[in-house]
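Sequential numbering of the sequence shown, starting at 133, is according to the working numbering.
The set of hints was computed from the structure by calculation and includes no laboratory data.
Treat the hints with caution; some may be incorrect.
[Unchecked claim] With a straight-line Cα cutoff of 27 Å, these simulated DSSO-like cross-link-like pairs (lysine-lysine) come out:
no.	residue 1	residue 2
1	K143	K154
2	K168	K143
3	K154	K183
4	K154	K168
Small disclaimer: the values here were computed from a predicted structure and weren't measured.
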Amino acid sequence: MHGLYSVDLMKPGTTVILRNAKIDMFKGSMRLAVDKWGRVEVTDPADFTVKEDNNLSLVEYELVNVVEE
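Take these sequences, add in the hints, and give me the full structure.
See the structure below:
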C-alpha cells in the first residue's frame, strides 16, 4: 500500500472494496481483518444507502463450543 495503512482508507463516506477480508472475534466483539494477501481499495461511491441501525459491532458475542456427532 506504499506507506499507507488500510485503516487510513476507512473514513466516513468512503466506499471501499475488501479482498481476502474476514471478521475475527476479539474480546466478544467483531474485528475486520485483512490478511497479507488481502487488499483494501477505495472505489467509486456506492449507489445504495448503508443501513446504520443494525450495527452488529455493538453486539457482544460469546464463543460457544459445538459438539459434532
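message = Would the hint linking K154 and K183 be met if the CA-CA limit is 27 Å?
response = 20 Å, holds
ask   = Within 27 Å, alpha carbon to alpha carbon, are K168 and K143?
value = Measuring from Cα to Cα gives roughly 22 Å; hence the hint holds.
key: Satisfaction of hint between K168 and K154, Cα-Cα up to 27 Å   = 12 Å, holds
key: K143 paired with K154 [C-alpha distance capped at 27 Å]   = 19 Å, holds
Of the numbered hints listed earlier, not one is contradicted by the structure.
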